[in-house]
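With the hints as extra help, turn the sequences into a complete structure.
The listed protein sequences correspond, in order, to chains B and U.
Mapping to this note's numbering: the first sequence position 62 is 62, numbers consecutive.
Mapping to this note's numbering: the second sequence position 209 is 305, numbers consecutive.
Honestly, I wouldn't trust all of these hints.
Listed below are the simulated DSBU-like cross-link pairs for lysine-lysine, each with C-alpha atoms no more than 30 Å apart in a straight line [as the list claims (entries may be wrong)]:
{"no.": "1", "chain 1": "U", "residue 1": "447", "chain 2": "B", "residue 2": "6"}
{"no.": "2", "chain 1": "U", "residue 1": "447", "chain 2": "U", "residue 2": "362"}
{"no.": "3", "chain 1": "U", "residue 1": "374", "chain 2": "U", "residue 2": "508"}
{"no.": "4", "chain 1": "U", "residue 1": "182", "chain 2": "B", "residue 2": "66"}
{"no.": "5", "chain 1": "U", "residue 1": "374", "chain 2": "U", "residue 2": "484"}
{"no.": "6", "chain 1": "U", "residue 1": "374", "chain 2": "U", "residue 2": "489"}
{"no.": "7", "chain 1": "U", "residue 1": "425", "chain 2": "B", "residue 2": "66"}
{"no.": "8", "chain 1": "U", "residue 1": "489", "chain 2": "U", "residue 2": "508"}
{"no.": "9", "chain 1": "U", "residue 1": "354", "chain 2": "U", "residue 2": "489"}
Covered stretches of chain B (in silico footprint by chain U; criterion: 3 or more residues with CB under 8 Å from a CB of chain U, positions within the stretch not fixed) [stated by the list, open to error]:
{"no.": "10", "segment": "2–12"}
{"no.": "11", "segment": "24–33"}
{"no.": "12", "segment": "44–51"}
{"no.": "13", "segment": "56–65"}
{"no.": "14", "segment": "75–82"}
{"no.": "15", "segment": "88–94"}
Partner residues aside, some chain U positions facing chain B, computed with beta carbon under 8 Å [to be verified]:
{"no.": "16", "residue": "116"}
{"no.": "17", "residue": "196"}
{"no.": "18", "residue": "332"}
{"no.": "19", "residue": "407"}
{"no.": "20", "residue": "415"}
{"no.": "21", "residue": "443"}
{"no.": "22", "residue": "477"}
{"no.": "23", "residue": "478"}
{"no.": "24", "residue": "484"}
{"no.": "25", "residue": "532"}
{"no.": "26", "residue": "578"}
FYI, nobody ran anything at the bench for these hints, they're computed from the structure.
Computed from a predicted model, the values in this text were never measured in an experiment.
Heads up, the beta-carbon is just placed ideally off N, CA and C, and yes, glycines get one too.
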Amino acid sequence: MSIDRKTVDHVALLARLALTDVERARTQEQLSAILEHISVIAEADTSQVPATAHILPLENVMTADKSRPSCTPEELLANAPAREGEYFRVRAVLEE
Amino acid sequence: MAELWQLSISEALDKLARREISAADLTRAHLDRIEAVEGRVRSFVTVTDQDAMREAEQIDRMRGEGEALGPLAGIPLALKDVLCTKGVRTTCSSRMLEHFVPPYDATVVSRLRQAGAIAVGKTNMDEFAMGSSTENSAFFPTRNPWDLDRVPGGSSGGSAAAVAVGEAMGSLGSDTGGSVRQPGALTNTVALKPTYGRVSRFGLIAFASSLDQIGPFARSARDAAHLMNVIAGYDRLDSTSVNRPTPDYLAALTGDVKGLRIGVPKEYFVEGVEPGVKQVVDEAIKTFEGLGAEIGEVSLPHTRYGVAAYYIIAPAECSANLARYDGVKYGFSARDGVQDLVQTTATTRAKGFGPEVKRRIMLGTYALSAGYYDAYYLKAEKVRTLIKRDFDKAFEQFDVLIGPTSPTVAFKLNEKLSDPYAMYLNDVFTIPVNLAGNCAISIPGGFSDGLPVGLQLIGPSFGEETLLRASDAFEHATDFHTRWPALPQQKRPPRARK
Chain B
1 MSIDRKTVDH
11 VALLARLALT
21 DVERARTQEQ
31 LSAILEHISV
41 IAEADTSQVP
51 ATAHILPLEN
61 VMTADKSRPS
71 CTPEELLANA
81 PAREGEYFRV
91 RAVLEE
Chain U
97 MAELWQLSIS
107 EALDKLARRE
117 ISAADLTRAH
127 LDRIEAVEGR
137 VRSFVTVTDQ
147 DAMREAEQID
157 RMRGEGEALG
167 PLAGIPLALK
177 DVLCTKGVRT
187 TCSSRMLEHF
197 VPPYDATVVS
207 RLRQAGAIAV
217 GKTNMDEFAM
227 GSSTENSAFF
237 PTRNPWDLDR
247 VPGGSSGGSA
257 AAVAVGEAMG
267 SLGSDTGGSV
277 RQPGALTNTV
287 ALKPTYGRVS
297 RFGLIAFASS
307 LDQIGPFARS
317 ARDAAHLMNV
327 IAGYDRLDST
337 SVNRPTPDYL
347 AALTGDVKGL
357 RIGVPKEYFV
367 EGVEPGVKQV
377 VDEAIKTFEG
387 LGAEIGEVSL
397 PHTRYGVAAY
407 YIIAPAECSA
417 NLARYDGVKY
427 GFSARDGVQD
437 LVQTTATTRA
447 KGFGPEVKRR
457 IMLGTYALSA
467 GYYDAYYLKA
477 EKVRTLIKRD
487 FDKAFEQFDV
497 LIGPTSPTVA
507 FKLNEKLSDP
517 YAMYLNDVFT
527 IPVNLAGNCA
537 ISIPGGFSDG
547 LPVGLQLIGP
557 SFGEETLLRA
567 SDAFEHATDF
577 HTRWPALPQQ
587 KRPPRARK
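As structure tokens, then:
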């Protein structure tokens, strides 16, 4: 199993990773090698087997709709790379 | 007379209660030990010496005034830097979170505080818990106290090394594919991966949410039981926390394994296991037999697919979990020379994450992307079912399974860095347990050429009491867990104190 450069570019865009050319070349090589090893799972007979996403018999966990103490806006904004008042400041999303 | 930093948690609690030592003495002894060895081992990203001394003095004051104290009052512990600590920076050993100061404590941290434990610092790890050597830390590698040219294992390498060398009496790590047990094996410490849902993950910075579980490091099964008694239990803040009563793990340590049915999975003794490791495990099996356990062979036929399934499922979950690092709310943010929000995000992530994290995000994103989902992700989840069924079947016949934790002893720094898959194979015997969700422990099993060999005991879901009982019984019959590394003298000048 090997993957081509176009796939690497596409996946990097999906993953929001601005990789350099050197990183892209290395990723192509390493992911191909890893996928080669991983392809062993194709040999497992899973024709009658359900998937396990999670090992617990999970159900929705409901809680009472009651307010309880939480962090203040000031505490939550303390780690913000940039802020404006009580908002996180980001680059423009739409063209100005 | 042993140094204070060499005491077990049980011994220290006795001495504290009898007022033979103070919490301040004990904490100071550990901070001095950190000062003495940290230049060589480098277990810690952050040492919280001032907070630790203040808290220790507070414990002593409370004891003096006859106030009620928690079960770990005055015990110095270390925390993997993946656990949120209010007001103390929590980095995940990543540039992305280098200056991140959490606004709240993880549930395990608040439980330890409530119990009176003293945090001496935050330990180094593979970035975002991805790795098996602690070489993927963005800051520096941690070294194995048994041989400074070798790795301590990972990803919880700092937490393992700190306990092995006496910088803390116990510590917490996180285990997604072996990240507590494998460094435990490589550093001669007791290292437990509890059943999924037994310990709250609230405040554990997420890597792969269906696999991650917090577990303790200690220098004996009894000390691990002390830690489990505090950290285990239901937490409404973690929706995958299991609501069932927490047993008294100390009460489980009867020292008796007569009639315990121990299965030996034949797939755990294959090519790739070092002869020195195999020899130690064979000896350990004889020790258990001598203690009255019943030994039998068992098969876990889908073991060979474990690593492959894991390296689809874990990266897939990581690619989703790490999508939150977008440079907006916290963490590193690339702001210079970028035009718009998408470019800000992509540049932030490219500069903030190290090579292994980026590799796993790419692998996971690929496995989940259109056209590949069925062949990789869905297939891996079906294989996960097969691996779980292997264990279910084995535990119909046996109470515990036994084997090596890691196929090798500690390897040299840089030895496996250039070949990602060779590094992944370190976890071949630990990964299946995370996929199936049950529990397992690594205990000091013996030595091969002077390097520790970890013995893995695997239990069914919520079988922690049995694992700790068997480990404790093994410790009564052996002295491996009592040995200390003969730390060589300084190789390089100590790093300047911050």
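These are the hints, each one checked on the structure:
1. Distance hint between residue 447(U) and residue 6(B) is fulfilled; the C-alpha atoms sit about 22 Å from each other, no more than 30 Å.
2. Note on residue 447(U) and residue 362(U): the hinted pairing is violated, with a Cα-Cα distance of about 45 Å set against a maximum of 30 Å.
3. For the proposed pair residue 374(U) and residue 508(U), the alpha carbon gap of about 20 Å is at most 30 Å, so the pair holds.
4. For the given pair, residue 182(U) sits about 24 Å from residue 66(B) by alpha-carbon distance, which is consistent with the 30 Å threshold.
5. Restraint check: the Cα-Cα separation between residue 374(U) and residue 484(U) comes to about 25 Å, which is no more than 30 Å; the hinted pair holds.
6. The suggested pairing of residue 374(U) with residue 489(U) holds, with an alpha-carbon distance near 25 Å, which does not exceed 30 Å.
7. For the suggested pair residue 425(U) and residue 66(B), the alpha carbons sit about 26 Å apart, so the restraint of at most 30 Å is met.
8. At roughly 38 Å between alpha-carbon atoms, residue 489(U) and residue 508(U) are farther apart than 30 Å, so this suggested pair is violated.
9. Under the criterion of a C-alpha separation no larger than 30 Å, the hint pairing residue 354(U) with residue 489(U) is consistent with the structure, at around 22 Å.
10. Closer than 8 Å: that is the beta-carbon criterion, and the segment 2–12 of chain B has 6 residues meeting it against chain U, so the requirement of 3 holds.
11. For the segment 24–33 of chain B, the stated coverage by chain U holds: 4 residues have a C-beta nearer than 8 Å to a C-beta of that chain, and at least 3 were required.
12. Residues of the segment 44–51 of chain B lying with their CB closer than 8 Å to a CB of chain U number 5, which satisfies the three-residue condition for coverage.
13. Given as covered by chain U, the segment 56–65 of chain B passes the check, having 4 residues with a CB less than 8 Å from a CB of that chain where 3 are the minimum.
14. With 7 residues bearing a CB less than 8 Å from a CB of chain U, the segment 75–82 of chain B meets the requirement of three and the coverage assertion stands.
15. Figure legend: the segment 88–94 of chain B, annotated as covered by chain U; annotation consistent (5 residues with Cβ-Cβ distances under 8 Å, at least 3 required).
16. With a least beta-carbon distance of about 40 Å to chain B, the hint placing residue 116(U) at the interface is violated under the 8 Å criterion.
17. Hint on residue 196(U) holds. Least Cβ distance to chain B is approximately 6 Å, under the 8 Å limit.
18. At a threshold of 8 Å, the smallest CB-CB gap from residue 332(U) to chain B is about 7 Å, leaving the interface hint in force.
19. A distance limit of 8 Å between C-beta atoms decides the matter here; for residue 407(U) the minimum to chain B is near 6 Å, and the interface restraint holds.
20. Among the interface hints, the one on residue 415(U) holds; its C-beta lies about 6 Å from the nearest C-beta in chain B, closer than the 8 Å criterion.
21. With 8 Å as the threshold, the beta carbon of residue 443(U) comes within range of chain B, its nearest partner Cβ sitting at about 5 Å, so the hint holds.
22. The closest approach between the C-beta of residue 477(U) and any C-beta of chain B is roughly 4 Å, which is under the 8 Å cut-off, so the hint is satisfied.
23. Interface restraint check: residue 478(U) against chain B, minimum CB-CB distance 4 Å, threshold 8 Å, status holds.
24. Of the supplied interface hints, the one on residue 484(U) holds, with its beta-carbon coming within about 6 Å of a beta-carbon of chain B, less than 8 Å.
25. Evaluation of the residue 532(U) hint against chain B yields a held restraint, the C-beta minimum of about 7 Å falling below 8 Å.
26. About 36 Å separates the beta-carbon of residue 578(U) from the nearest beta-carbon of chain B, more than 8 Å, and the hint is not met.
The structure fails to meet hints 2, 8, 16 and 26 from the earlier list, while all remaining hints are met.
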